[in-house]
Amino acid sequence: MALLDEIQQAVIEGQSKAVVSNVEQALNEDMAADIILNDGLIKAMSEVGRLFEEGEFFVPEMLIAARAMSAGLDLLKPHLVAQGIEPIGKIAIGTVKGDLHDIGKSLVAMMLEGAGFEIMDLGVDVAPEKFVEAVTNGAQIVAMSALLTTTMPNMKATIEAVEKAGLRDKAAIMVGGAPVTQAYADDIGADGYSSDASSAVRKAKELLGV
Amino acid sequence: MITSLMDLVNNTDHLPVVPLMGFPGIQITQTSLKQNEFNWGTQFWTLSELAHHFQPDGLFTFMDLSVEANALGLPVRFPLGESPTIEYPVVRTQDDLHRFYKMDVLADGRVRVFIETMKLMKRHLKLWRGGYVIGPYTLAALMMGATETAIAIIDNPDLLHETLTFTTYVISRYANALASAGADMIAILDPSAVMLSPKQYRAFSGQYTRQIILQMKALPILHICGHATHLIDEMVATETQGLSLDAMVPLDEIAARVPENVVLIGNINPTAVMVDRSPQEVYKRTTELVQAMKPFRNFILSTGCDLPPETPLANIKAFMDAGRDVELHVDPAQHIRPNMTLFNEQPAWLRARIARNIEDVLAR
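Just so you know, the sequences run in chain order A and B.
Position one of the first sequence corresponds to residue 1 (the working numbering), numbered consecutively onward.
Position one of the second sequence corresponds to residue 1 (the working numbering), numbered consecutively onward.
Don't take each hint at face value.
Unchecked claim - Which residues of chain A face chain B? A partial, calculated answer using Cβ under 8 Å:
#	residue
1	58
2	100
3	182
4	183
5	185
6	188
Quick caveat, the hints were computed from the structure, so don't treat them as lab data.
On a predicted model such as this, the values are computed, not experimentally measured, just so you know.
Note that CB positions come from ideal geometry on N, CA and C, so glycine has one too.
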């Protein structure tokens with residue numbers, strides 16, 4: 001459908017205003033909100049992820065595409081609620097205690113939202129207790145990032161806090177960040193690791209079986 | 001007469017070995033990161049202990065990406081045991097940026113720490129002396145916010161270019177102050193640039209980095225950590241004399257692409273190998289790298305990035321043994337203690353400053 005193609009293209013090009021006006025038009029033409037979401041926004045973000053993996057898109061392009069997607073999603077949210085459409089999962093994300101570097105975390109959050117997840121963005125410098133609280137509030141995945149080797153130990157501290165609260169089986173835990181590796185993730189008992197925002201989406205879907 | 005980094009390497013009759021180490025020295029001097037970052041007597045003492053125990057060909061000061069931003073007046077957090085971090089960005093408009101034009105970073109206390117440390121290194125250490133400055137794009141990202149800066153490349157390039165012109169000026173002044181203090185070489189650290197495309201790098205970092213390099217009165221090295229392979233050609237275009245690269249960059253493949261007079265520096269993994277592995281494994285991995293780079297004269301053995309404070313000293317020893325092509329000696333009972341002869345040779349004012357630390361260490 002031409003309008004859905006235009007929405008996709010506008011997201012990929014990071015044209016927030018065009019996304020908003022095209023989504024408005026689609027809604028006015030009685031297109032179902034979940035169709036606009038899945039065949040417009042999510043499909044576009046999937047393409048953005050592919051372009052990143054192919055080395056054609058870099059972080060600036062991903063950020064403006066995600067911003068454009070977000071603008072469209074904001075318009076759709078009340079319609080999705082009215083339609084009874086649920087997100088495919090709920091993810092709490094933040095940088096660990098002591099770490100203020102958030103660009104990677106923000107990019108992953110945007111890509112996950114663009115894939116249909118509901119995001120609880122806990123921000124930066126997040127204490128283990130806050131991640132635990134997020135699980136209590138329904139987070140099915142806890143996603144943690146760290147840029148400094150000195151803050152990485154707080155990943156394990158968070159996993160231990162979740163275990164101590166008796167909630168380990170309630171949420172999968174995934175980790176990422178420049179100094180983090182698969183081996184480190186395995187060592188600390190995380191369920192998943194991803195090296196960039198695009199593969200984080202695949203990992204999150206795999207962890208929830210969606 | 002040494003006119004280039006390649007000259008320096010050519011005048012050495014062995015493979016130069018320069019691990020990027022400052023932080024692990026706190027294990028020897030039993031000091032905190034913050035004490036080394038704020039006190040040049042302490043930082044010099046820590047660096048001199050590292051120089052004495054490991055005998056590298058060159059030594060850099062502590063790596064600290066907050067120095068220039070702090071000197072400008074940005075909000076900075078200084079944990080005792082972690083690197084300082086900028087708490088939040090402060091530049092959203094041209095007016096915000098212009099408020100920083102009045103700041104002379106060379107009159108700042110922490111900038112002075114690194115300049116004085118370099119002067120002490122020149123006076124007392126017989127090895128190549130390295131200083132660090134931040135890269136223009138990374139400093140802009142600290143001032144404007146990392147996300148906002150990346151978006152500004154597309155949405156607000158004018159503000160970003162003005163900020164970059166300012167950061168270039170600031171960094172150039174600091175670099176030349178370090179050179180005057182005795183730095184033989186200065187590494188420009190631009191980690192935030194790794195997320196850019198080659199074209200974006202050229203426009204928003206490379207052309208500014210080149211200006212810093214052309215004005216630099218010390219040997220220029222460019223360091224971008226992480227997956228920087230896609231930026232190599234643009235990094236060479238800055239006219240840097242050295243490329244300091246992280247573990248994920250295949251150095252031997254890159255060597256075939258860069259000019260023979262650009263020195264490749266690196267690239268043992270500072271965490272996954274130097275922290276997490278045994279001395280035997282460090283020795284093996286380092287030996288493998290040395291062998292792979294044997295065909296290339298333009299090489300300095302180093303680590304992919306700065307070593308974390310908890311890096312086992314035995315691993316640094318293993319790294320050095322491999323670089324020197326000697327057998328690995330691992331002494332589990334080895335306890336590196338401060339060198340009292342070296343301590344006693346220091347001027348009275350410096351000894352007085354660190355005396356309390358010595359008493360604590362000797363008491364262990």
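How the hints compare with the structure:
1. Hint status for residue 58 (chain A) relative to chain B: holds, with the closest Cβ pair at about 4 Å, below 8 Å.
2. The beta carbon of residue 100 (chain A) comes within 5 Å of a beta carbon in chain B, closer than 8 Å, and the hint placing it at the interface holds.
3. For residue 182 (chain A), the shortest C-beta to C-beta distance to chain B is roughly 10 Å, which exceeds 8 Å, and the interface hint is violated.
4. The restraint placing residue 183 (chain A) at the interface with chain B holds, with a minimum CB-CB distance near 7 Å, inside the 8 Å limit.
5. Interface restraint check for residue 185 (chain A): the shortest CB-CB distance to chain B comes to about 12 Å, outside 8 Å, so the restraint is violated.
6. The beta carbon of residue 188 (chain A) is not positioned within 8 Å of any beta carbon in chain B (closest approach about 12 Å), and the interface hint is therefore violated.
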